[in-house]
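Engineer: Here the structure of chain A is known, so what remains is to put chain B in place on it, guided by the hints.
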Amino acid sequence: MLHSLRQLLRHRALVQSLVARELKARYRGSVLGVMWSFVNPLLLLSIYTFVFTKVMPGARSAGLEPSQFSLFMFCGILPWTWFSSSLLEAANALIAGGNLIRKVLFPAEVLPIVSVFAGLVHFCLGLPILAAFFLYLRAPVTPSDLVWLPLVVFDQLMLTLGLALIVSSLTVHFRDLRDLLANLLTLGFFITPIIYPLAQAPAWAQPLLNLNPVTHLVVSYQEVLFVPGPYAGWPRLVVLAAVSVLVFFVGYFVFDRLRETLAEEA
Amino acid sequence: MNTIEVHDVRKTYRRHGRRRSFGTLKSAFLSGRGRVVQPDVTFEALKGVSFEVGAGKTFGIIGRNGSGKSTMLKLIAGIAKPTSGSLSVRGRVSALIELGAGFHPEISGRDNVFINGMMLGLSKRQIADRFDEIVAFAELQEFIDEPVKTYSSGMYMRLGFSVAINVDPDVLLVDEVLAVGDEGFTHRCLDKFADFRRRGRTVLLVTHSLDLVSRLCDDALWLDHGRVRDHGDPRRVIDAYLMDVAAAENRALSVARDSVSVEAMTLDAPDMSNAAEGRWGSREAEILAVEFARNDGTTSHVFESGEHVAIQMRVRAHRPLQDFVFGVGLFSADGVCCYGTNTDIEGAQPAEFSGDGQVTFIIESLCVVAGTYKIDVAVHRRNGVPYDYHRQLYTIRVTSKVNDIGLVRPPHRWTFSSGIRISGL
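Line by line, the protein sequences give chains A and B.
For the first sequence, numbering that gives the first Met the number 0 begins at 0 and goes up steadily by one.
For the second sequence, numbering that gives the first Met the number 0 begins at 0 and goes up steadily by one.
These aren't lab readings, by the way, just hints derived from the structure by calculation.
It should be emphasised that the depicted structure is a prediction, and the values quoted were computed from it without experimental measurement.
Calculated cross-link-like contacts (lysine to aspartate or glutamate; reagent style EDC-like; alpha-carbon spacing at most 16 Å):
id, chain 1, residue 1, chain 2, residue 2
1, B, LYS80, A, GLU263
2, B, LYS191, B, ASP169
3, A, LYS102, A, GLU264
4, B, LYS400, B, GLU303
5, A, LYS23, B, GLU145
6, A, LYS102, B, GLU175
7, B, LYS80, A, GLU264
8, B, LYS191, B, ASP167
9, A, LYS23, B, ASP144
10, B, LYS56, B, ASP169
11, B, LYS80, A, ASP255
12, B, LYS80, B, ASP7
13, A, LYS23, B, GLU105
14, B, LYS80, A, GLU259
15, B, LYS56, B, ASP217
16, A, LYS102, B, GLU97
To give an idea of the chain A side of the interface with chain B (calculated C-beta under 7 Å), a few residues:
id, residue
17, ARG20
18, LEU99
19, LYS102
20, LEU104
21, PHE105
22, GLU259
Don't be surprised by glycine CBs; every beta carbon is placed ideally from N, CA and C.
Okay, chain A solo, but in the shape it has when bound (with noise of 0.2 Å):
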């Protein structure tokens, strides 16, 4: 396994091209082009502040403005996305690329992990969306707790990359799991405090909340980004790191066992 990353590090560069070219190919031919990156997330926003704000005003957290509760999910929305998206497409990578990994001398793991970065591409370039709406809204921010950012940013993409590689080299032999996974990743969705706080939830289920790791990353792109005041939740952050580098060692270890099996399953 050590050798199998050692490997994988000497293929940074194609991680990187593909990555591009996956950015690339993905809006070629499309009107708006990259422009897309920055309308899909506006255009979820907006639905949701409708919904949230018009069409059921009562759901909405009680202590927010309406403003500041689309500022509130835009903050959670974000993560989510490239979590959802990235475990969707990997799900579907290796299959998609069936005919490099079984014609071609290729490192299989390079495709999930695509899809990963590509959804990390995707949320860095929201997030001048979300500081255009900060600036916007006048909302505070504390310059401060934003060091912590790319902490989170590192424990998900940790995270994101070990489910990605579990998910893709299961799907090959499970392929059942494709469509379980997308359903799994609505109910997700929902037991995530996404568009509601965690607090608002009620206590029973609180500690059910608390499981699911994603809470915790979403959590803290909250306190990080939309909480005012200096962030004091790092430890959290912390230990999520732990985890989520344990959760990716398991993914590779899972994938790494079963590659021999993809060349001719896949």
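Structural biologist: Chain B only, in chain A's frame:
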């Protein structure tokens, strides 16, 4: 020193069926080498193959479809791992197995060259250095910035080939890919292989083009149902392979022959312009077996052009016959009659044919050009009504060192007057 060493390699695949490849998640995680697989759900693609390829050699692997050639290549390329046995390859390997695998249709040829090159193990700088050469070799200078989806399949393959061959590997694995381009491109590919050999690189060629193997390879390996059938001098291995193919064809034809309904065919007079295979006749007399023999009496299906060939027929008359004619016909692969004769045409008077016997038709010199030929043999009445007519049921292959054309090769020689100096004839 050997570049490739393969020792007792086996490869077992699981059969795909309704059965899941893994029974449970648990077995999926516990899977690995040494797991026990049930023979009824497995397929042995390679059953203990051993061979060695010396450095700088061009090595050909031939065999029928499904004989394990491509599996062997994948193992050498490292794409798949052998189930048991050992395999070692020295140096960087580039496999021309699937050309352009991993090309993305939406992005330009230029970007695809870079990504494909990196997949094959080159660094960005190395690709940049070789970029012009790659594009020039594929003859795509004008189109290199167009998205690959606009390429014709030939352009796509040429670009894939060009990238793979410019990886400049120590060991080049080629799986039946020379059919991708036009004549000109094929020639340049062959030049590239020749260049590889000059620089002491090893080439492993898997192909159905036996001609290519005999022209290019130093050594040939014949795989048959996952086992090595023969290994050594390409011409000898190819001859043995061709004989086996012909024998298999004959076996297949003899099965078809037996299923021909005699009653239905009895009244059909054989029509020489109709090239369909088959067997007709009343079977009052029968041709039981046909063999082709060399001058030394050994039977074969492969003959050198100009060689002595004896067509030996074992015949039997079920009742004494006074009216009988033996005939022989030779047809080219596309059904053109090269030669036909019978005892009646040649003026023989039949007298008595009873019981078992042997008829031998001796061709002193088989004066036809290289190719596959079908043979007719028959015994019939003088008015043409057949006792037993075997229409193109036998196949022989004629080889030649000279690639002359046409059908027949009349015995010939050249002479030149004193003003013309020429050698090699």
